[in-house]
Each structure stands twice: as C-alpha cells, then as structure tokens.
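Spelled out, the chains give:
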Amino acid sequence: MDNHDGGKGMNLTLKVWRQKDSRDRGGLVAYKVENISADISFLEMLDILNEQLVAKGEDAISFDHDCREGICGMCALMIDGQAHGKDKDATTCQLHMRRYKDGDVIVIEPFRAKAFPVVKDLVVDRSAFDRIQQAGGFVSVNTGNAGDANNILVPHDKAEKAMDAASCIGCGACVAACPNASAMLFVAAKVSQYALLPQGQPERERRVLAMRAAMDAEGFGHCTNEYECEAACPKGIKVSNIARLNREFVRAMVVSE
Amino acid sequence: MKLDPKVPTGPIEKSWDKARFELKLVNPANKRKFKVLVVGTGLAGSAAAASLAELGYEVEAFCVQDSARRAHSIAAQGGINAAKNYPNDGDSVWRLFYDTVKGGDFRAREANVYRLAQVSNSIIDQCAAQGVPFAREYGGTLSNRSFGGAQVSRTFYARGQTGQQLLLGAYSALMRQVGAGAVKLFPRREMLDLVVVDGAARGIVCRNLTTGATETYSGDAVLLCTGGYGNVFYLSTNANSCNVTATWRAHKRGAAFANPCFTQIHPTCIPVAGAHQSKLTLMSESLRNDGRIWVPKKKGDERGPADIPEEERDYYLERKYPAFGNLVPRDIASRAAKQVIDEGRGAKGALSVYLDFQAAIKRVGEDKVREKYGNLFDMYHHITDENPYKVPMRIYPAVHYTMGGLWVDYNLMTTIPGLFCLGEANFSDHGANRLGASALMQGLADGYFVLPYTIGGYFAGAKLAKVGTDHAAFKAVAAEVASNTAQLLAVRGKATPQELHRKLGRVMWDKVGMGRNARGLKEALAEIPALREEFWKTVAVSGSEESFNQTLERAGRVADFLEFGELLAKDALTREESCGGHFREEHQTEDGEAKRDDRNFSHVAAWEYAGEGKEPVRHAEPLTFDNVHIAQRNYA
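Chains as they are written, first to last, in the working numbering: chain W, 1 to 257; chain F, 1 to 636.
Hints were generated in silico from the structure; no laboratory data involved. Among the clues, some could well be false.
Cut-off 27 Å, straight-line C-alpha distance, at most; resulting in silico cross-link-like pairs (DSSO-like, lysine-lysine) [stated by the list, open to error]: (1) F:537 x W:56; (2) F:368 x W:88; (3) W:86 x F:390; (4) F:6 x W:158; (5) W:86 x W:56; (6) W:56 x F:184; (7) W:88 x F:390; (8) F:184 x W:8; (9) F:184 x F:33; (10) W:238 x F:368; (11) F:368 x W:161; (12) F:494 x W:20.
Some residues of chain F that are not near chain W, with every Cβ distance over 10 Å (derived) [stated by the list, open to error]: (13) 136; (14) 241; (15) 325; (16) 466; (17) 610.
All C-beta atoms in this analysis are idealised placements derived from N, C-alpha and C, irrespective of residue type, glycine included.
Just chain W, with the same shape it has in the complex:
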C-alpha cells in the first residue's frame, strides 16, 4: 500500500460494529489496517479497509457519507464513544488520521438512539428528523407570494444569531451524544432560527407546539441539561437555543388557546 509522504504509516486496530440489517443483533468485529498516512481522513482510512474487504469478496462496511466536507450531515460515526470523534466542531469526514498514533485501537459504532434504528452496520435511519420538520419547520409562503426582499428588515445581529442556529446540518450527533437521546438541540435550532426572524412570527406558536409534539412522538428523550449535545455539535450550535425553545414553548402555551 502506498503512503504518499514516503514515511512509514500507522498500524491500527479497528473494532467496527457489524449488523446485517435492522433485525440482526450485531456486534463488534476487529480489523487491522496498516501503513495509514497521517494526512488522510478518517473516512478515507475506512475506504482503504473496505477496498481490501471487497477485493477479498467480503461485504464492505456500510457507513453513510457524501459531501466529505462537513456540510451535508450524512456522515455519522460514534468513534471511541464520541459522536464524530475527538475533533471539536468537526464532522466525521473532517477528522484526519493525524489525530491518531501507531498502535491505537479505535472503536467505531453507529449513532445510537431508539428513534434512529440501525439500517446496516454503521448506517442509521434518521427520518424522524424529517418528520419533525414536516410538523412545523417552515414558513408557509407559496412560491410567488413574496414581496420585495428588502421590505422585510432584519437587524444585523438578529440575522447573525438566526444564521448561527440555521447552520445545523441535521446529522444527529446531538441525539447520539445525549444520555437521554433527546433531540432538543436539533428542534431548538430550527425553532430559534424562525423565532429570531420576522418571517417566522405568524406561525410562531403553532410551530413550536407542533415540532415539540412531533419530537416526543418519535421517541426522543427529554432534556436534563447535560450539555453533551453542544459539545458534540459539529457546527457549534449553543444550548442557549434550548433555553429559547423552552421560552418559546411556555410562551406558546400561554398565548395560544
């Protein structure tokens, strides 16, 4: 195997969760990978292992990935017990092997939550997030309805805060990191974005109530202020959004009939 910088690469042991399908019990399987360059990404390291498995006629390890630049939210690995691994503010695909050393043993599991059933190996079903969006994560404005964009003024700081919340990529790391598998940070990010903007006002109460109810119906747990979600979020979304969600929720209970 070539290692582009000519130096000797790392030899690692991977313990990877293998599960044939949603009904299979699954378990950890150990693999050795050799001569891994420090400059490749974590997913490229898995690519190397997979190419070796496929060439031998064995089933490759399934894992979700797509853009490989930290924005699509598809990749989702629990690496040594940390959602997206040990880098702060980074997705799995942004993690590079320079963060590991020769001889390391790495445990790779799927994001675990009752609401995210395993599809195969490291792939989980996150469609619960889509259903929460369907309940109220939108502004009801049909195509063609809008007036001139500058007729809606949004103060700079509000726009920046809304953008902070809106940068959620829907990866589910917050759920995987939470001991209760709560989706509060995900819901809070969406509710906050719209609560901060004038465009979100007409449906402000209806939205928070509907999204909260949908979240509960999907089987996510409750928030007990562990703050693990903020620590795991690859986009640095703050728990202060959860405080805003709670305020919006209480306010909506009072205001709506």
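Please arrange chain F on chain W, whose structure you already have, making use of the hints.
Below, chain F without anything else, positioned relative to chain W:
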C-alpha cells in the same frame, strides 16, 4: 431527431411574458389528475416538487440520500446572483444577462439567459420570505458581495453556506408539502432507468437502496434534477454520490445529451494530497474578494511564502487582468494557475498557488475576515492542518461543475416528451463557462419559476393515456435493470469499483481535463473503451443484491461513467475551438487565451444515442446573438 428549441420570437425582454401567455393552462381542479415524478431533491428538485404541489399537482420525489436535505446543492458556498441593484452600482437585468452570456463565452441560448436574469430577483424575494438568513447590513437590508466575471456587487449570501441555507429553504417548503400529504417522499432510492410509453416519459425504475428491491413508479411527467457529472474525473469537488446515471440512462432512452465537454475547473480548491484522496474541497470564489493570488517570480523558488518579499511575488491575475484582477471568471483563473505552475513557479512543496489574506487582515482586522469567511478558514484548517490566518492558503484548480447536460428546449423539456431536466443536469444557461454564484440562481429559477409554468403547457396539450406500473413497458425495463445488476454481481473479479474509477479519472484528468489536444483526446478515446472492457471482466462487487450495498451502488455508477466519459471525449475532440472551460491547445491566442471559432462552432452540440457499439449522432442547434455583441472576451 429534430431539435426544436421553441424560443419565442420577438424582442427578448418580452419573450418570457409571451411564452407564458401562450402556454396553455391546466385548471386548478384538473391539476390533481396529473402526477409528476421528481428525481433529485437539490435546489432544482426541491423547489420544483414544492411549487408543483402548491399548485395542486400530485408529486412523488426521490433522492439517493437518507434525507431530501442532503443533496449536493448544500455544499455551495459563496452566494447567489440577482439583478436587484440594491448597492446602486449600475446593475440591471440586462447587465446580468450580458455578463452571463459573455461569461459563458457566447455558447448559451440568449433567450434562456435573459429569462434567468429576469426571474433572479423573484428568487431572492422568495428565499427571504422563507426565512433564509441572508447576510444583512446594520439597517436590516440585505448585503451583497462581488463574484468573478462581474464589476457590480450582485451576490447575496449567507456566510460561506449560501447553498446550505437556500437548500434548507427549499427543503422546508418541500417538507411542508410532505406534511400536508401533497408530496410523497422516497429517500434512499436511486433511479436506474426511464420508462417510455408511446414516445412519452411515463415512469422510472429505482433501486431501493435499503432493501435492494427493484421498484417502479408511474406518472404523467418525469423531472430529472439529478445534478452534474463532475465525478467522471474521479476527483472533483462533488459529493461522493454525484453521478451521471439518471441522465445517462435517459440519454440511452432517447434524450439528447448536449455539450458534454463543457466542464468547469474551479480555480480555488485545496490541492490533492495523496493517492487515497476521495474528493477535493472547494474554497469559495468569494475568497477572491479579499484574497490575493500569487506565485514567486523566480522559477523553482524553494523559499516558504513568508520569506519571499513583496517585490519578488507575482500577483499574476492582477498583472494580466487589471480591470477584473483576482475576480476574473473561473476558466481564466484556472488556466492562468496552470500556466504559472507549468512554468515551474508554483508554491513551495505542492502543485499549487498562494491565496493570501494578509492584506485584508491588515486592512479590516482578523475578526472581520472571520465573520465573512470563518467556516471556510476552518474547513481549510481541518484538511491541511495549516492556519490560513497566519500562512497563505495553497490552492489548485479542480473539477467543480458541468455546464453540459441533457438538451432541453426553452420549456426545459428534453427530446423525450414529458421528460424535463432542471438545474445542473441540463445544459441550458451557462454556455461554455458558468460564472460564480449562478448555479444556485439557475437551479432555483428552473424549480420555482420556470418549470411550474411550462409543465402546464405540456399537460394541457398532451393526450396521455392512463398508464400504471402494471403496463408491459414497466415490466420490461425493470427486467433490464435487474439483469444489469445481476451482471455486476456475476463478474466476481478482484478490482474494486473505486480502483477502476480512479483509472478512468486519471485518463479524464490527464487527457480531457484543463488542457486538451487532438492527440490526447484520441488516446483517451482508445483507453476508455479498453477500461470499460476491463471493468466488465475484473470488477469486484461483494455483498448481495437484496440488501443495503454501497459497493454495488458505486459499481453501477462507475459503469455508466465509463460509457459517458467516451462521449465527453468525443465531444471535446469534435469541437475544434477553445471556448470557456473547453480549452483545446491547438486553438489559443498568442497570450494563451481561448480562441473561439464562431464561424464553425457557434452552436450547441446535441448527441443522439444510436445503440450499443454504434457511433452516436451529433446534431447542432445554431446559436444566434441578436442582443449581445459577440466578441473575444476581454477581462483586462
């Protein structure tokens, strides 16, 4: 095959109004009788699916990802153009139209581009109303910045995540319709073929990527919103799942493929680091607002960037193109980078040039730079382990976008009635080179403001018999798809799909990439079919058909790239001129700029599939320029 572009006659300012008036309408109660299948949920697909559902059509939407929110539009960074003229700097619909036609090196249809510029303003209005958190001034109005190929500030943005925010806006509109029961969503489905009945597109065959089942879906029209084919080069800025399969298989069912050789190499990407690299990462063009591109003046300079004094640096874009400076269009910036590196004046250590922010940091401070580009700087840091606030970025051109795609008429319909193609997947608006911040504009224009009108014209005029998935045509196509899958699994070779994909990518990049010549293209045309043969003898696809199987997915896509790559090379060989992103080394000016041949090549090349092993047929749609003065592009 007859190409009828259906461009309205008369003055260009009135052509879209005229076309809309002349399109027949479907009354509100009848709309629910028509079912539309939308393949792909990026900007074009999500916008179209949501807008059609709002109008009352029955819609089914399909995507390969686990959620509609993850299509590759999400990775677009810098911004979206519109002719709002909010900065009061002289912009207009006419100027956006003019810049886009010129930027495309006079190889796009004028009327399409004019319509794009016209609806650009409505897109910004719509997205702002949806709650897209665009950047704002302190007074609350929208902010703008500049992009390549324009001398006005017309680009709207949401930090370096504009594509993400616009896609989430369209996705939210789509989710609203799914929640209302107006759209049925099918994630983790890959379209593997098109079903044509009595000459019209009536359905699709998909692989259910979770269960492996072959599924059929019928409808009254099919929309392909499946993105570009940049991954034919293996390494590109595209997401891993981006592929040509949907458009290629539609091509084999009768849809003409237009200008496949028009591919865009983006000048500012993080350079290739090693053999196992799985993709290249873009650094947004918006960085060229504040970043200055340079290389050492001296050949083979071994010093690090900090040790090279100002007077020994060559800011070559500013030197060669003083009017546009670092903001020349992408094709020009990419070629200029290739030239200086070919001269032996690249940055230290890697195949790259410098993109330097020291001047901007000195001028406005690190915090201001962070506010504008923070996420891009972080991305760069994650990948390279270098801090771009301290040392200049090293960048190199990479495959980024494909201007070619399925041929469509003014109504976005392909040569198969009832099959429409939107966004990057079609060929229509960018000619031979796309300007920055125009992909988002086109995807959303097609989805929100063009297709919802033109599809009505098709339905009102078509006599469509009732066709369901029990029709014999569906069974026949599904059987072909299943047999193709079985063949992939039956080879049982030793070469992984990635390995064969890498081999194809090397041929494409070396011989059909930034610099093309007849000799290299002919070599590619011999090597690609040989590689295709090797693929079908040696490919290793493990796992089973009836399960989640990413190796099988990849193999199917590579098989199609191996067919499509040949057409791309053939198109590049036939087009004996240089224009935009298509640079034939035989056709250049003394300064190394692209030299067009308007007398012989002012046309769209639309290829017709002639059957397995047969030469495809090249048709030409002539391009006329009645409104924009055609000239050699000059950005100096």
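Hints, one by one, checked against the model:
For the given pair, residue 537 (chain F) sits about 16 Å from residue 56 (chain W) by alpha-carbon distance, which is consistent with the 27 Å threshold. About 23 Å separates the Cα atoms of residue 368 (chain F) and residue 88 (chain W), which keeps this hinted pair within 27 Å; it holds. Simply put, residue 86 (chain W) and residue 390 (chain F) have alpha-carbon atoms about 24 Å apart, close enough for the 27 Å limit, and the pair holds. Simply put, residue 6 (chain F) and residue 158 (chain W) have alpha-carbon atoms about 46 Å apart, too far for the 27 Å limit, and the pair is violated.
Taking the CA atoms of residue 86 (chain W) and residue 56 (chain W), the gap is about 31 Å. The hint is violated against a cut of 27 Å. For a cut-off of 27 Å, the pair hint linking residue 56 (chain W) to residue 184 (chain F) is broken: about 40 Å separates their Cα positions. Proposed proximity of residue 88 (chain W) and residue 390 (chain F) is supported: the alpha carbons are some 21 Å apart, at most 27 Å. Restraint check for residue 184 (chain F) and residue 8 (chain W): the C-alpha separation of about 52 Å exceeds 27 Å, so the hint is violated.
For the hint pairing residue 184 (chain F) with residue 33 (chain F), the CA-to-CA distance comes to about 15 Å; that is within 27 Å, so the pair holds. Of the pairs offered as hints, the one joining residue 238 (chain W) and residue 368 (chain F) holds, with about 22 Å between alpha carbons and a cut-off of 27 Å not exceeded. This hinted pair checks out: residue 368 (chain F) and residue 161 (chain W) have alpha carbons roughly 16 Å apart, not beyond 27 Å. Straight-line distance between C-alpha atoms of residue 494 (chain F) and residue 20 (chain W) comes to about 23 Å, which keeps the hinted pair within the 27 Å bound.
Some Cβ of chain W comes within 10 Å of the Cβ of residue 136 (chain F); the nearest lies about 4 Å off, and the non-interface call is violated. Taking the minimum C-beta to C-beta distance to chain W, about 5 Å, the non-interface status of residue 241 (chain F) is violated against the 10 Å cut. Listed as outside the interface, residue 325 (chain F) is consistent with that label: its C-beta sits roughly 27 Å from the nearest C-beta of chain W, beyond the 10 Å cut-off. Once the 10 Å rule is applied to beta carbons, residue 466 (chain F) is consistent with being away from chain W; the minimum gap is 29 Å.
Residue 610 (chain F), annotated as away from the interface, keeps every beta carbon of chain W farther than 10 Å; the closest lies near 35 Å.
Hints 4, 5, 6, 8, 13, 14 from the list above are not met by this structure, while the remaining hints are.
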